[in-house]
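Fit chains B and C to the known structure of chain A by using the hints.
Protein chains in written order, with the working numbering: chain A, 77 to 452; chain B, 77 to 452; chain C, 77 to 452.
To be clear, the hints were calculated from the coordinates, so they are not data collected in a lab.
Since the model is a prediction, treat every value here as computed from it, not as a measurement.
Keep in mind that the hints are not guaranteed to be accurate.
Copies of one chain are not kept apart here, so a pair can be met inside one copy or by any two copies together.
Stated by the list, open to error - Simulated crosslink set (BS3-like; lysine-lysine; CA at most 30 Å straight-line):
(1) LYS127 / LYS226
(2) LYS399 / LYS166
(3) LYS166 / LYS334
(4) LYS399 / LYS334
(5) LYS127 / LYS166
(6) LYS226 / LYS334
(7) LYS226 / LYS399
(8) LYS127 / LYS334
Spelled out from the first residue to the last, the chains are:
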Amino acid sequence: MALLTHTHTAGRYIRNCWYVASWSRDLIANRPEAMAIGEEPLVLFRDEAGKAVTLRDCCCHRNAPLSLGRCESGRLRCMYHGLVFDGTGKCVSIPGQQHVPASYQVRSYPTEEAGGWVWVWLGDPARADPQLIPPAAIAETAEWDLRMGKLDFEANYQLLNDNLCDFSHVAFVHEGTFAGGDRRIAETHPRITHIERGIRVERWLTERGAIEPWLGPEAAPRPDDTPGRHLDQWLTYDYLVPGLLAMRSEVHRAGTAKASNFNAPISAPLHAEFTRQAITPMTGSSSRYFFSMGPRASETQDQPALPDQMLAGAQHAFHEDRKILEAQQRNLERWPLETTSGVIRHDRGVHIFRSMIERLIADENTTLAPRDVRAG
Amino acid sequence: MALLTHTHTAGRYIRNCWYVASWSRDLIANRPEAMAIGEEPLVLFRDEAGKAVTLRDCCCHRNAPLSLGRCESGRLRCMYHGLVFDGTGKCVSIPGQQHVPASYQVRSYPTEEAGGWVWVWLGDPARADPQLIPPAAIAETAEWDLRMGKLDFEANYQLLNDNLCDFSHVAFVHEGTFAGGDRRIAETHPRITHIERGIRVERWLTERGAIEPWLGPEAAPRPDDTPGRHLDQWLTYDYLVPGLLAMRSEVHRAGTAKASNFNAPISAPLHAEFTRQAITPMTGSSSRYFFSMGPRASETQDQPALPDQMLAGAQHAFHEDRKILEAQQRNLERWPLETTSGVIRHDRGVHIFRSMIERLIADENTTLAPRDVRAG
Amino acid sequence: MALLTHTHTAGRYIRNCWYVASWSRDLIANRPEAMAIGEEPLVLFRDEAGKAVTLRDCCCHRNAPLSLGRCESGRLRCMYHGLVFDGTGKCVSIPGQQHVPASYQVRSYPTEEAGGWVWVWLGDPARADPQLIPPAAIAETAEWDLRMGKLDFEANYQLLNDNLCDFSHVAFVHEGTFAGGDRRIAETHPRITHIERGIRVERWLTERGAIEPWLGPEAAPRPDDTPGRHLDQWLTYDYLVPGLLAMRSEVHRAGTAKASNFNAPISAPLHAEFTRQAITPMTGSSSRYFFSMGPRASETQDQPALPDQMLAGAQHAFHEDRKILEAQQRNLERWPLETTSGVIRHDRGVHIFRSMIERLIADENTTLAPRDVRAG
Chain A
77 MALLTHTHTA
87 GRYIRNCWYV
97 ASWSRDLIAN
107 RPEAMAIGEE
117 PLVLFRDEAG
127 KAVTLRDCCC
137 HRNAPLSLGR
147 CESGRLRCMY
157 HGLVFDGTGK
167 CVSIPGQQHV
177 PASYQVRSYP
187 TEEAGGWVWV
197 WLGDPARADP
207 QLIPPAAIAE
217 TAEWDLRMGK
227 LDFEANYQLL
237 NDNLCDFSHV
247 AFVHEGTFAG
257 GDRRIAETHP
267 RITHIERGIR
277 VERWLTERGA
287 IEPWLGPEAA
297 PRPDDTPGRH
307 LDQWLTYDYL
317 VPGLLAMRSE
327 VHRAGTAKAS
337 NFNAPISAPL
347 HAEFTRQAIT
357 PMTGSSSRYF
367 FSMGPRASET
377 QDQPALPDQM
387 LAGAQHAFHE
397 DRKILEAQQR
407 NLERWPLETT
417 SGVIRHDRGV
427 HIFRSMIERL
437 IADENTTLAP
447 RDVRAG
Chain B
77 MALLTHTHTA
87 GRYIRNCWYV
97 ASWSRDLIAN
107 RPEAMAIGEE
117 PLVLFRDEAG
127 KAVTLRDCCC
137 HRNAPLSLGR
147 CESGRLRCMY
157 HGLVFDGTGK
167 CVSIPGQQHV
177 PASYQVRSYP
187 TEEAGGWVWV
197 WLGDPARADP
207 QLIPPAAIAE
217 TAEWDLRMGK
227 LDFEANYQLL
237 NDNLCDFSHV
247 AFVHEGTFAG
257 GDRRIAETHP
267 RITHIERGIR
277 VERWLTERGA
287 IEPWLGPEAA
297 PRPDDTPGRH
307 LDQWLTYDYL
317 VPGLLAMRSE
327 VHRAGTAKAS
337 NFNAPISAPL
347 HAEFTRQAIT
357 PMTGSSSRYF
367 FSMGPRASET
377 QDQPALPDQM
387 LAGAQHAFHE
397 DRKILEAQQR
407 NLERWPLETT
417 SGVIRHDRGV
427 HIFRSMIERL
437 IADENTTLAP
447 RDVRAG
Chain C
77 MALLTHTHTA
87 GRYIRNCWYV
97 ASWSRDLIAN
107 RPEAMAIGEE
117 PLVLFRDEAG
127 KAVTLRDCCC
137 HRNAPLSLGR
147 CESGRLRCMY
157 HGLVFDGTGK
167 CVSIPGQQHV
177 PASYQVRSYP
187 TEEAGGWVWV
197 WLGDPARADP
207 QLIPPAAIAE
217 TAEWDLRMGK
227 LDFEANYQLL
237 NDNLCDFSHV
247 AFVHEGTFAG
257 GDRRIAETHP
267 RITHIERGIR
277 VERWLTERGA
287 IEPWLGPEAA
297 PRPDDTPGRH
307 LDQWLTYDYL
317 VPGLLAMRSE
327 VHRAGTAKAS
337 NFNAPISAPL
347 HAEFTRQAIT
357 PMTGSSSRYF
367 FSMGPRASET
377 QDQPALPDQM
387 LAGAQHAFHE
397 DRKILEAQQR
407 NLERWPLETT
417 SGVIRHDRGV
427 HIFRSMIERL
437 IADENTTLAP
447 RDVRAG
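Looking at chain A on its own, in the form it has when it is part of the complex (with noise of 0.2 Å):
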């Protein structure tokens, strides 16, 4: 089973689909961005209308990194000779010579902003639809006060898509931050379903204590209440083609779960958090990890520090990830590799995703080539 086999997957990506190349806020005008995304080279600036614009980041000439160039009235000029490109990737003037040659041209990709984050689909331009940009992965109202960050990862994006199809590792990874040593969401299974291009993940933990410092009054333990038992959360999350999480979280009174029957709650919570995630191959060893999450707005008004505070100790948590995930890629990388044992419960979600994914690459690689196929 792929899985199982933990195939290093450098050069294998999904092409036809929409991944997060920047914030919106970081792409300001003027200043061009490198990024890479699938281990193709991109230069990413906004043209003369302030729209994201990402052009392959080699100059056609002689392969000097436009990002290197400069912005010149929503232009892009490459520092070298001094040619100038426009958003679409095309040629616009060669010093020296009054005619620009028709194969003067960039490879430019789709390009959209939704959600906060800039966009860019690898593959076929005639199929780059942006309703296919996932409507969980932008919807943000303005009922959440949320920060933004970003993280680099020394690891295929594969192995950071793993880690969030499987929140057992919190348990472990994140004992002294995000499970305040409660083992329970190791121990217990949440309710995993298959949905479109993607898996959604719930479950309550029931009878906890109170484990995020910055909860209110109201979630303060009653008289009758059980010791440190006296919340119930609830998480759901969807995580989603190719590498998007969209998570909400919430802080009910213990008996909340049980009487909502265990599925969604049926009761306003005493606190609820919400945050977006992307994953982002850069090459087959290296993913930019982007971030946002929050509590209500409504909650940040007694305390104006919390979204601040919550980032602060999401990213803290987010470099517990790195280090786990750095020395998995170096032993995949380094070593020989002995045969894994098998699936276990925990991984589901990682199951489900990573088919997924997989048969995504084999359907383009399909559809790519079908002349050869059958030739062959």
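Chains B and C alone, transformed into the frame defined by chain A:
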């Protein structure tokens, strides 16, 4: 001749033999230690009985290094998803499920402690007889007051073996340290005897001055001594497969060599030192050098700082070796080889030992796949 | 066309030619210097007569670098086992034995000194005629007051040659340094002539302002000058195989270009500079850039700091080149190439010179193995 082609030996190791993996004292309870031997990633720890055990440093679930895990009552928990392994490599707990499939097993390696070292056997466990640990490499009596150290080299283990099988380099690499400017160790030759799984090297360096600063007053020149030539030095060591040195060095009054007929000294030395050393291949281009050394305990009563001084001096000299061996390694890796020029007299020990290693590797390959060979 | 595919040329060099290996003044007595040319490891030193000699930087005994060795009376001792080599590479001493086999020989390379440089010939020694050192590359009269430098680039030598065969990049890479914001060096074209083993590049830049801060009072504008356009600049350089530049730059009163019919100036300059430069391939991805430059000695009487100022300015500009060329190299190494887009007008010199190098390499390959070719 294999010796002379200096074949880059990455990926070629004797497997059915004991390698030094650690100083025993460095493997403390509740702290897993990462090591690599012969390109196998290893984790060492102590089980509930305090016995040193060795597993492959890759969790059989998702390849995370177990050396990032945690010892819990002599078992090792992978701190990615929480699987627990006992000292035999058997998985004894998987969070979230009662049943642990028998396939959940990490490879374990026979492990012994002897002579202050932890020894690991890479090959067939059925053949891992502790009696195969060479007695000379672990003999260490209360006679000696020793200090221990280790040093990593970015060089193939055979380059370190070569270095220790031919002490003529001492005159040049250690001109200002061990040799004290005396070139006779290069200009003359030791007696080299082929012994079981190794070589024995013996020599007198006659009529030396007092090169060791720590020699006591009884080694001082007498009025009738030839200035600077009043001492004889006796050196004898065994160098054993896979890379183990046990050496004794003695200082005598000049004339003792002759009186002993240039064999082992017939009288008690003025000063004596002992050193045991081990070379362990980590990867094809890195090795760990373990060493202990010191004078007779009887000599340190008046000079309590002497063992530490000797260790510090040796470490300084081993950095001299490291500089040249790492440069040699880089030359071998970076540049296409010209033909080397044939054996010189000082290569004899090197040649015998290299041939021994290569024959043992070849024998293992023949033994491991006899049917394949016949079928071919 | 080979030029346009930007083939990564690692491992491809002209061998039968002289390469600059060092500044003569940098090769001092009793200090061996490591260098690499065309992926050959070299050690340069001075023999007993002070003559520069070059050996392969690998001892023929055990591949230790001879550059870690010691010069002893014009011979080089390997400081691993003490073998001594003379300037021809012949081993003249092996410690511990009287006889030195004739096979003990390190490869030596023809070495010459001319024009302040040490030149090394990589190919057939029988063809190493010192007359083949290009006179233009070593012509250096007392007319000039020059300063010397060198700078390593992590880039293939062909990228450095390209850079120097097309000065249009000056308008962009050196916008704030050499170009002084004047884009005409990119907007107009020099005269490029195909000469023996090289190209000659000549041009006037007319009606410039006083861009060099060090121009003397006689170059100041006169009342009837057009403001900022009162000077003409004459640039002429030869760029020769394998990568040698000799350039003269002159500043004249505006009108001189026209009066000279846009050929070489018919009158004496207000200011003149000279520079010689050499590009030496070390490995497929690294090169050493040697350069000297300065004004006429007659100009430094009033301005003694001028030569140093010019060198400092040039070094700053060469770091600008390095940034873009190293980025170009990384792009070529890391990313699969898209098709490049064909020749532009400014590529003409680059194209001629690249073709020349490639033809010479091809000729050598044909010459070296004629029988193989016929047999095939």
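The hints, checked one at a time:
When the C-alpha separation of LYS127 and LYS226 is checked against a cutoff of 30 Å, the pair qualifies only within one copy, where the shortest distance is 22 Å, while the shortest distance between copies is 44 Å. Taking identical chains as interchangeable, the C-alpha atoms of LYS399 and LYS166 lie at most 30 Å apart only when they sit on different chains, with a minimum of 25 Å there against 42 Å within one chain. With identical chains, the CA atoms of LYS166 and LYS334 are never at most 30 Å apart, being 61 Å at best within one copy and 38 Å at best between copies. For the identical chains of this complex, LYS399 and LYS334 are neighbours neither inside a copy (37 Å) nor across copies (63 Å), given an alpha-carbon limit of 30 Å.
Taking identical chains as interchangeable, the C-alpha atoms of LYS127 and LYS166 lie at most 30 Å apart only when both belong to the same chain, with a minimum of 16 Å there against 57 Å between chains. For the identical chains of this complex, LYS226 and LYS334 are neighbours neither inside a copy (37 Å) nor across copies (60 Å), given an alpha-carbon limit of 30 Å. Both within a single protomer and between protomers do LYS226 and LYS399 lie at most 30 Å apart by alpha-carbon distance, with minima of 16 Å and 27 Å respectively. Taking the shortest Cα distances, LYS127 and LYS334 never come within 30 Å of each other, neither inside one copy (49 Å) nor across copies (48 Å).
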